[in-house]
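Colleague: First to last, the sequence lines map onto chains A and B. Once you know that position 111 of the first sequence is 111 in our numbering, the rest is easy, because the numbers rise by one and skip nothing. Once you know that position 48 of the second sequence is 48 in our numbering, the rest is easy, because the numbers rise by one and skip nothing.
Derived by calculation from the structure, the hints in this document are not laboratory data. Careful, some of the hints might be misleading.
[To be verified] In silico DSSO-like links for lysine-lysine, alpha-carbon gap of 27 Å or less: (1) A:K57 <-> B:K70; (2) B:K109 <-> B:K59; (3) A:K11 <-> B:K36; (4) A:K11 <-> B:K106; (5) A:K57 <-> B:K36; (6) B:K69 <-> B:K109; (7) B:K106 <-> A:K57.
[To be verified] Just the calculated beta-carbon pair ranges, DEER-fashion: (8) B:H75 <-> A:R9: 30 to 40 Å; (9) B:K56 <-> A:G40: 44 to 54 Å; (10) A:R64 <-> B:T62: 20 to 30 Å; (11) B:T27 <-> A:L61: 34 to 44 Å.
Quantities reported herein were computed from a predicted structural model and do not represent experimental measurements. Backbone N, C-alpha and C define an ideal beta-carbon position, used for all residues, glycine too.
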Amino acid sequence: DTGVSQDPRHKITKRGQNVTFRCDPISEHNRLYWYRQTLGQGPEFLTYFQNEAQLEKSRLLSDRFSAERPKGSFSTLEIQRTEQGDSAMYLCASSSVLGYEQFFGPGTRLTVL
Amino acid sequence: GQQVMQIPQYQHVQEGEDFTTYCNSSTTLSNIQWYKQRPGGHPVFLIQLVKSGEVKKQKRLTFQFGEAKKNSSLHITATQTTDVGTYFCAWLQYSGAGSYQLTFGKGTKLSVIP
Numbered sequence: 001d002t003g004v005s006q007d008p009r010h011k012i013t014k015r016g017q018n019v020t021f022r023c024d025p026i027s028e029h030n031r032l033y034w035y036r037q038t039l040g041q042g043p044e045f046l047t048y049f050q051n052e053a054q055l056e057k058s059r060l061l062s063d064r065f066s067a068e069r070p071k072g073s074f075s076t077l078e079i080q081r082t083e084q085g086d087s088a089m090y091l092c093a094s095s096s097v098l099g100y101e102q103f104f105g106p107g108t109r110l111t112v113l
Numbered sequence: 001g002q003q004v005m006q007i008p009q010y011q012h013v014q015e016g017e018d019f020t021t022y023c024n025s026s027t028t029l030s031n032i033q034w035y036k037q038r039p040g041g042h043p044v045f046l047i048q049l050v051k052s053g054e055v056k057k058q059k060r061l062t063f064q065f066g067e068a069k070k071n072s073s074l075h076i077t078a079t080q081t082t083d084v085g086t087y088f089c090a091w092l093q094y095s096g097a098g099s100y101q102l103t104f105g106k107g108t109k110l111s112v113i114p
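I would like the entire structure built from these sequences, with the hints used as guidance.
Modeller: Now the structure itself:
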């Protein structure tokens, strides 16, 4: 396991459709984070998991967004009824319980038409 | 909520010139992290500072944390084309009950003219 992986790398969808992204963290990392990044901005925190428990969720996160990490390994981020404003790069990161460094995946670029 | 302001937004330098980006907070920070994101890439962790007045060096990069822990800077000596990218400062906040949240600045985009 050489790093955090995300799938798909690119997703184009029509407004109103549902999309799901997957993140596979570094295998021994029990902390997992989702971020959203738009052009010219820094990553914006969405949610945080420690093992399978979702411990933090951004107040800015719409109810259309849901994330899971059912077995404490991979995680999924689902966006329901997508809107054009959801177009962004969705980044996943992981870290170990002993470390503060976050390792980012390559991201999933979402385009909502 | 607490915000981390980063300046400048853009910086164009001639190769060999120095570069500095600054990160400022209105309140005291428990820590500051720096990340680099290459064009088309993802953020890569550079360093974390936690102590008042702390200075750390990584080859041509020098990181500082202010005495009041409200500001930080990243200085690159003699820039190279490989330094191109966006540099972000970020603050790791512990929210209680084992919860963590990383808040990023808007970044400084560095262009290096060969």
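Colleague: All hints, please: hold or fail.
Modeller: Hints, verified against the model:
1. A:K57 <-> B:K70: holds (26 Å)
2. B:K109 <-> B:K59: holds (20 Å)
3. A:K11 <-> B:K36: holds (25 Å)
4. A:K11 <-> B:K106: Holds. K11 of chain A to K106 of chain B sits at ~25 Å (cutoff 27 Å).
5. A:K57 <-> B:K36: holds (25 Å)
6. B:K69 <-> B:K109: Measuring from Cα to Cα gives roughly 24 Å; hence the hint holds.
7. B:K106 <-> A:K57: Distance of about 21 Å is within 27 Å: holds.
8. B:H75 <-> A:R9: 30 to 40 Å: holds (34 Å)
9. B:K56 <-> A:G40: 44 to 54 Å: Violated - the Cβ-Cβ distance for K56 of chain B and G40 of chain A, about 28 Å, lies outside 44 to 54 Å.
10. A:R64 <-> B:T62: 20 to 30 Å: violated (44 Å)
11. B:T27 <-> A:L61: 34 to 44 Å: Hint violated: Cβ distance 24 Å, outside 34 to 44 Å.
In summary, the structure is inconsistent with hints 9, 10 and 11 from the numbered list given earlier, while agreeing with the others.
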